[in-house]
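Peer 1: Listed below, chain by chain, are the residues.
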Amino acid sequence: MTWQQHLPALAIILPLLSAPLCMLIGLRRVAWLIGVATNLGGLLISVGLLQQVAGGNVISYELGGWAPPLGIELRVDLLNAFVLLIVSALAFWVFVYARRSVDAEIDSDKQTGFYAGLLLVYAGLAGITLTGDAFNAFVFLEISALSSYAVISMGRDRRALTAAFQYLVMGTIGATFILIGVGFLYMMTGTLNMVDLAQRLPAVSETSTVQAGFAFLSVGIALKLAMFPLHLWLPNAYAFAPSVVSVFLAATATKVAVYLLLRVIFSVFGVEFTFAQMHLEYLLLPLAIIAVISASLVAVFQTNLKRMLAYSSVAQIGYMLMGIGIASAMGVTATLLHLFNHALMKGALFMALGAVVLRVGSVQLHQLAGLGHFMPWTLGAFVVGALSLIGIPLTAGFVSKWYLVSAALDAGWWWLVVVIAIGSLLAVVYVWRVIEVVWFQPPNAALAGKTEAPWSLLLPTWGLALANIYFGVDTSLTTGTAEAAVGALFGVTP
Amino acid sequence: MIDTLTGLFNYWVAVILMMTGLYVVVAQNNLVKKLVGLGLFQASIFIFYISIGKVAGGAPPIIEPGVELYSNPLPHVLILTAIVVGVATTAVGLSLVVRISESYGSVEENDINQADRLAELETGDDQA
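First to last, the sequence lines map onto chains B and R. Residue numbering for the first sequence follows the working numbering, beginning at 1 and increasing consecutively. Residue numbering for the second sequence follows the working numbering, beginning at 1 and increasing consecutively.
Source of the hints: derived by calculation from the structure; they are not laboratory data. Some hints could be false.
Unchecked claim - Sample of chain R residues at the chain B side, in silico, Cβ under 8 Å:
{"hint": "1", "residue": "Tyr-23"}
{"hint": "2", "residue": "Lys-34"}
{"hint": "3", "residue": "Ala-43"}
{"hint": "4", "residue": "Ile-45"}
{"hint": "5", "residue": "Tyr-49"}
{"hint": "6", "residue": "Leu-69"}
{"hint": "7", "residue": "Tyr-70"}
{"hint": "8", "residue": "Thr-81"}
{"hint": "9", "residue": "Ala-82"}
{"hint": "10", "residue": "Val-92"}
{"hint": "11", "residue": "Ile-100"}
{"hint": "12", "residue": "Ser-103"}
As the list claims (entries may be wrong) - Pair ranges (Cβ atoms, derived):
{"hint": "13", "chain 1": "R", "residue 1": "Gly-66", "chain 2": "B", "residue 2": "Pro-202", "range": "19 to 27 Å"}
{"hint": "14", "chain 1": "B", "residue 1": "Val-58", "chain 2": "R", "residue 2": "Gly-105", "range": "29 to 37 Å"}
{"hint": "15", "chain 1": "B", "residue 1": "Lys-110", "chain 2": "R", "residue 2": "Asp-111", "range": "38 to 46 Å"}
{"hint": "16", "chain 1": "B", "residue 1": "Lys-110", "chain 2": "R", "residue 2": "Tyr-23", "range": "32 to 40 Å"}
{"hint": "17", "chain 1": "R", "residue 1": "Gly-105", "chain 2": "B", "residue 2": "Glu-436", "range": "46 to 54 Å"}
{"hint": "18", "chain 1": "B", "residue 1": "Leu-40", "chain 2": "R", "residue 2": "Gly-105", "range": "55 to 63 Å"}
{"hint": "19", "chain 1": "R", "residue 1": "Tyr-70", "chain 2": "B", "residue 2": "Gln-199", "range": "23 to 31 Å"}
{"hint": "20", "chain 1": "B", "residue 1": "His-279", "chain 2": "R", "residue 2": "Thr-81", "range": "41 to 49 Å"}
{"hint": "21", "chain 1": "B", "residue 1": "Pro-202", "chain 2": "R", "residue 2": "Ile-63", "range": "30 to 38 Å"}
{"hint": "22", "chain 1": "R", "residue 1": "Ser-101", "chain 2": "B", "residue 2": "Thr-207", "range": "27 to 35 Å"}
{"hint": "23", "chain 1": "B", "residue 1": "Gly-71", "chain 2": "R", "residue 2": "Gly-66", "range": "23 to 31 Å"}
{"hint": "24", "chain 1": "B", "residue 1": "Val-58", "chain 2": "R", "residue 2": "Gly-58", "range": "42 to 50 Å"}
All C-beta atoms in this analysis are idealised placements derived from N, C-alpha and C, irrespective of residue type, glycine included.
So that you can see chain B by itself, here it is in the shape it has in the complex:
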């Protein structure tokens, strides 16, 4: 075997090994450098994997040389190579951004642990994305979840502790539900390998055991991806976590959970079972619609900007679920595109807020009046991210909304288009409220003497902001990959 064939395993092992390395060396600057280097490696690996599967190949990697279905298999196709690219690109970018922000928000003796925790979150997310084994997915889910509880609790506000505890309780219930679901499937099929499950499930799909397993899996994953009304852990966790963690989790963690839902629905159970027999869309669509409208409404009334963006995330997850609920290739393509684009826009927005936290020490809206005069570049990036969030043409957000609207129209559901429009208008309201305060109000006296954020924060922020525009104009990479990945999903399980 050449070393390129080991890329799937390396994508997980690299961060998993560098996390303890950070702790052993124990120097915070070195830990940061290790993190950047690891994630650069992760990014290159994911690009390499995407190239290897570009033609529609599927890589099956036998962990430890044990052949599936008995051994654990890492299975890479276009879908998870694409998701891994999102996760690793954002993780790398977050680490580049992290140094100044972490210096300001985390005590220096805890920074190595913090970086190690972030690397473990990344290792877990990469594991969920790549694995082809249902039980393995649960284990990686817990690796990323446990380390994210730890890094969230390192926020300066003591409410970060209660937020992390709340997340721990709900996250564990969600993960245990997934475990029950996997147990039911194992009971009926005697296998944990996803491909093997997909082959054996149709024969027993009428049994209540399999149907209960499906229900447990869906609810468990829904808790993890913060589907309305199971999103209660998310707003506080994002609002009070250190800024770097907010960027990282908002851009990646829920995305991977959405991917897991896609994998379970399309690759394990199949379209036939999920939509024709169990009618998951009757659950997904109404909840997605409520999420879009209600979470956007709540966001309008938030005065803590990080909480506002967190509620906006719940709404955006609503759009992704809507795409799945439409249950057409076009709808799922919209979901995948929104995974990518939402990571870009929320990354840029949370990074801009991280810079605001560094300079002002607060993201309470009433304290930020006129901040645009002091930090024009930071808040300029915020405006670009916000435009993309709304879905203005020439931004990435427009592309995914366009696909979603087309999918809804293809299905003949004009009322869904109305919902999407209302959601976008609400986004205009809550985003404009911020822009109005920071750009058009007279400067707050307390802000006198505040200066622009340092380059080390501005460059990554603008990098993501410009990516929002780039992927809004040149959509060949995103739409091409997403369409091909979805084609494979619907092709494998007709």
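Mind docking chain R on chain B? Use the hints.
Peer 2: Chain R in isolation, oriented as in the chain B frame:
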């Protein structure tokens, strides 16, 4: 009737434990007790998995001459992993409770929420 009660005895126990655990998590005000409930909830799943592995008439999965039918050892191995995860969860949860107790001076959810609300009234922060 008797068959559903006795034949599925393990599963009944698992379900009862599961519901008890979940109820404790939701109903208890004390954070440590919530973690106890969470542990119970997870333990019920361990029992459930271990019950799956039993093959009717099967011997313990240790290779011995003359034994044809073995119970399935795989669920047990899976559950070893899940137990480790459960231990880690409890450890992280308890250490969070320690830090909550240090900064709030209480591990009762009511007290903590009240302290947060008071602090927010003073500083003008929001909390939904």
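Peer 1: Each hint needs a verdict: does it hold in this structure or not?
Peer 2: Against the structure, the hints come out as follows:
1. For Tyr-23/R, the interface hint is violated, since its Cβ never comes within 8 Å of a Cβ in chain B; the closest pair sits about 12 Å apart.
2. Given hint, Lys-34/R at the interface with chain B, holds; its Cβ is 6 Å from that chain's nearest Cβ, closer than 8 Å.
3. Interface restraint check for Ala-43/R: the shortest CB-CB distance to chain B comes to about 10 Å, outside 8 Å, so the restraint is violated.
4. Hint status for Ile-45/R: holds, given a least beta-carbon distance of 6 Å to chain B, under 8 Å.
5. Interface hint at Tyr-49/R: satisfied, since its Cβ lies 5 Å from the closest Cβ of chain B, which is below the 8 Å cut-off.
6. Residue-level restraint check for Leu-69/R is violated (minimum Cβ-Cβ distance to chain B is 15 Å; threshold 8 Å).
7. The restraint placing Tyr-70/R at the interface with chain B is violated, with a minimum CB-CB distance near 14 Å, outside the 8 Å limit.
8. With its C-beta approaching chain B no nearer than about 6 Å, Thr-81/R sits inside the 8 Å limit, and its interface hint holds.
9. Hint status for Ala-82/R: holds, given a least beta-carbon distance of 6 Å to chain B, under 8 Å.
10. At a threshold of 8 Å, the smallest CB-CB gap from Val-92/R to chain B is about 5 Å, leaving the interface hint in force.
11. Below 8 Å, beta-carbon pairs count as interface contacts, and Ile-100/R has one with chain B at about 5 Å; its hint therefore holds.
12. The beta carbon of Ser-103/R comes within 4 Å of a beta carbon in chain B, closer than 8 Å, and the hint placing it at the interface holds.
13. For Gly-66/R and Pro-202/B, the hinted distance range of 19 to 27 Å is not satisfied, since their beta carbons lie about 39 Å from each other.
14. As the Cβ distance of Val-58/B to Gly-105/R is approximately 56 Å, the hint placing it in 29 to 37 Å is violated.
15. Checked against the hint of 38 to 46 Å, the pair Lys-110/B and Asp-111/R fails, with Cβ atoms roughly 27 Å apart.
16. Taken as a hint, the range 32 to 40 Å holds for the pair Lys-110/B and Tyr-23/R, whose Cβ atoms sit roughly 36 Å apart.
17. As the Cβ distance of Gly-105/R to Glu-436/B is approximately 40 Å, the hint placing it in 46 to 54 Å is violated.
18. Distance hint for Leu-40/B and Gly-105/R: a CB-CB separation of about 44 Å, inconsistent with the stated range 55 to 63 Å.
19. Between Tyr-70/R and Gln-199/B the Cβ separation comes to about 25 Å, which falls inside the hinted range of 23 to 31 Å.
20. With their beta carbons about 34 Å apart, His-279/B and Thr-81/R fall outside the hinted range of 41 to 49 Å.
21. A beta carbon spacing of about 35 Å between Pro-202/B and Ile-63/R agrees with the range 30 to 38 Å that was offered as a hint.
22. Take Ser-101/R and Thr-207/B: their Cβ atoms lie about 47 Å apart, and the range 27 to 35 Å is violated.
23. As the Cβ distance of Gly-71/B to Gly-66/R is approximately 30 Å, the hint placing it in 23 to 31 Å holds.
24. At about 36 Å, the CB distance of Val-58/B to Gly-58/R disagrees with the hint of 42 to 50 Å.
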